[in-house]
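Asker: In case you want the letters, here they are:
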Amino acid sequence: MAGFVAPDYLIALPEILLAGLACVFLMVGVFTGNRSTTPLTVASVAAMAIALALVLGFGGEKRTSFGDMFIVDTFTTFMKSLVLIGAGATLIMGLGYVRREGMNRFEFPVLIVFATLGMLLMISANDLMALYVGLELQSLSLYIVAAFRRDAVRSTEAGLKYFVLGALSSGLLLYGASMIYGFAGGTSFAAIAEGIKNYGAEGPPIGVLIGLVFIAAALAFKVSAVPFHMWTPDVYEGAPTPVTAFFSAAPKIAAVALLLRVVLGPFHEMVASWNQIIIFLSIASMAYAAFAAIGQRNIKRLLAYSSIGHVGYALVGLAAGSEEGVRGVLIYMAIYMVMTVGAFGAVLAMRQKGQMVEEIADLSGLGKTNPAMAAVVGIFMFSMAGIPPFAGFFGKLYVFLAAVNQGLYGLAIAGVLASVVGAYYYVRIVKVMYFDEPTEAFDRPVGRELTAVIAASGIITALFFAFPAPILQGAQAAAAALFP
Amino acid sequence: MIIQTIVFYVLAVMTVGSGLAVISSRNPVHSVLFLILAFFNSAGLFVLMDAEFVAMILVIVYVGAVAVLFLFVVMMLDVDFAKLRAGFIQYLPIGAVVGAILLAELILVFASGSIDISKPAKMAMPMPDPAQVQNTEALGNILYTNYAYLFQIAGLVLLVAMIGAIVLTHRARVGVKRQRIADQVARRPKDAVRLTDVKPGEGASWKSD
Chain S
1 MAGFVAPDYL IALPEILLAG LACVFLMVGV FTGNRSTTPL TVASVAAMAI ALALVLGFGG
61 EKRTSFGDMF IVDTFTTFMK SLVLIGAGAT LIMGLGYVRR EGMNRFEFPV LIVFATLGML
121 LMISANDLMA LYVGLELQSL SLYIVAAFRR DAVRSTEAGL KYFVLGALSS GLLLYGASMI
181 YGFAGGTSFA AIAEGIKNYG AEGPPIGVLI GLVFIAAALA FKVSAVPFHM WTPDVYEGAP
241 TPVTAFFSAA PKIAAVALLL RVVLGPFHEM VASWNQIIIF LSIASMAYAA FAAIGQRNIK
301 RLLAYSSIGH VGYALVGLAA GSEEGVRGVL IYMAIYMVMT VGAFGAVLAM RQKGQMVEEI
361 ADLSGLGKTN PAMAAVVGIF MFSMAGIPPF AGFFGKLYVF LAAVNQGLYG LAIAGVLASV
421 VGAYYYVRIV KVMYFDEPTE AFDRPVGREL TAVIAASGII TALFFAFPAP ILQGAQAAAA
481 ALFP
Chain Z
485 MIIQTIVFYV LAVMTVGSGL AVISSRNPVH SVLFLILAFF NSAGLFVLMD AEFVAMILVI
545 VYVGAVAVLF LFVVMMLDVD FAKLRAGFIQ YLPIGAVVGA ILLAELILVF ASGSIDISKP
605 AKMAMPMPDP AQVQNTEALG NILYTNYAYL FQIAGLVLLV AMIGAIVLTH RARVGVKRQR
665 IADQVARRPK DAVRLTDVKP GEGASWKSD
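One line per chain: the protein sequences are S and Z, in this order.
Sequential numbering from 1 applies to the first sequence in my numbering.
Sequential numbering from 485 applies to the second sequence in my numbering.
Looking at chain S on its own, in the form it has when it is part of the complex (with noise of 0.2 Å):
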């Protein structure tokens, strides 16, 4: 054991506020009753807010404190930023659901707080056991927060199953994590890349293989890459419709963070290993998601299996291995939380006479009813199918680019041809909205923050190929992190 170093809690700023401003806030929420669920949401938005302030004032050049296990460079500055922005725009985005149906309990704010603070220290471990306990302080409020209509049969369904097969997972991350402890000699992530390197060139012994594999598996769960997907429909549809934008939105991110330093740090020498597991899970993942995606009806389901092929297509860019790769990945996650809150904000807004509506059959003639909303929705579904010159496009460029560049030309193909079959049902969204019958009309207003943050995520994907240089320039830096 090496002496005891006073920990530098400047760089854990940010994760300090949150943690501290979550225990105020339930402590608030104890005293005051449900009446302070709003103002609990908006103070949340304004600590995330804040911390995004100090991951932007603190982040920079690489620095690490309690004992190596928590580490700050460009690319968790990059990710936070991320993180933040998504799990603060949905929280917006929420609050008049929250009103509405039943769920305006205090402990709802608190709990996404909770999750978010889980998140940036997943992406700020560097060590086996900080990444253990970073992913679990996520997974925990996760999951309660998808059951948190615990009278609705669905949203105790869908937290039921999100955590039998998430604690099947976090056990395969822990058995990958005990191999690797054993044959490498370390937790620490610096500790495991020498290990590895101790060996030599007749290379690791297949222990150490062994625990990677495990622990892709737990990540790919986490990612919900195809095989390790089953759970991401059904939660999808019977979690609350602001949970379920969280989800999509922010502990994806972090779960990519997580994967790429899991990968390109410790993992750094074994590339021809992981590589084939990246390859195989990205091809299953677009393939699979642009296919299941065709049949379903409920906008819920099918933004659950966008998702799932969003996260194939950013597996490519790791897939390439390269900074360029990563760099992609990293512009693929931006763009894509930015499309996926826009898209749940406008399922948050489809309500017929008050009541929430999620068949995909409810939103035609859109075009006539409401031509506003139908354009946006428009901009959202050609972005992700990828169709320029909207930002979705962009995203798939430059994995597809770093693919090719690597001579993984099968690997591309594969990807163009299933961003095809992809396409299908997005652009059947918009047939839906331009070419049906008008049915009901959704309610109007739709409430300021809600069309705020539409409207915001609308601009940012349509306008991204002329303003594109803050994001380019931020995966550039962050992805140099990764690449020393």
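No lab work stands behind these hints: they were computed from the structure.
Keep in mind that the hints are not guaranteed to be accurate.
Per label pair, the in silico range of CB-to-CB distance [to be verified]:
id	chain 1	residue 1	chain 2	residue 2	range
1	S	I387	Z	L576	27 to 33 Å
2	S	F467	Z	F594	26 to 32 Å
3	S	V30	Z	Y575	37 to 43 Å
4	S	R99	Z	V550	38 to 44 Å
5	S	K353	Z	R510	22 to 28 Å
6	S	R99	Z	M560	34 to 40 Å
Just some of the chain Z residues that point at chain S, by a computed CB distance under 8 Å [what the hints assert, rightly or not]:
id	residue
7	V593
8	Y633
9	L634
10	I637
11	I647
12	G648
13	A666
14	V669
Quick reminder that beta carbons are idealized off the backbone N, C-alpha and C, glycines included.
Chain S is fixed; fit chain Z onto it per the hints.
Answerer: Frame of chain S; chain Z shown alone:
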């Protein structure tokens, strides 16, 4: 040495035996009692390994708190264990097949001679010398100094678990009689007591206002 070996085997056999009894006994109360026996025997095994702190914690936490809690749950909740077990037996074959395949794969890998136990990993953290550092002190060093960060986050995880248990199960019930001390203290004699002159032959009557 021979005594230690005998004690080890006695404790080990008892642990495994009571573990089997936990899952095979029909009466759930017996299961919990066997669980307690298993905990005690494992504590004995820890003492044999000079890990007296862990042994005591095992007895205090698991026997003292967890097992007793189980006992309460088993006795107070009306859980149909026969029904639960029926589902278990239904899924047993497929579960056993999956488990057996995974086990066979791992055995194949580890038996293929690729693992050299004589060459331990180089970076492994050295164990502190038992003669220098006491059990409790070594654990304290790890928990509160080196791994204080993990300790704090684990605390947050437990807090979230507690919030979750309350959010998902607590219901505010109506018609519950509660003691409200403020109301009791604020109550004055004139609210509750009235002095009346009772005329002979009429009796007292109470009309609340």
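Asker: Report the numbers of all earlier hints that the structure fails to satisfy, in ascending order.
Answerer: 1, 2, 5, 13 and 14
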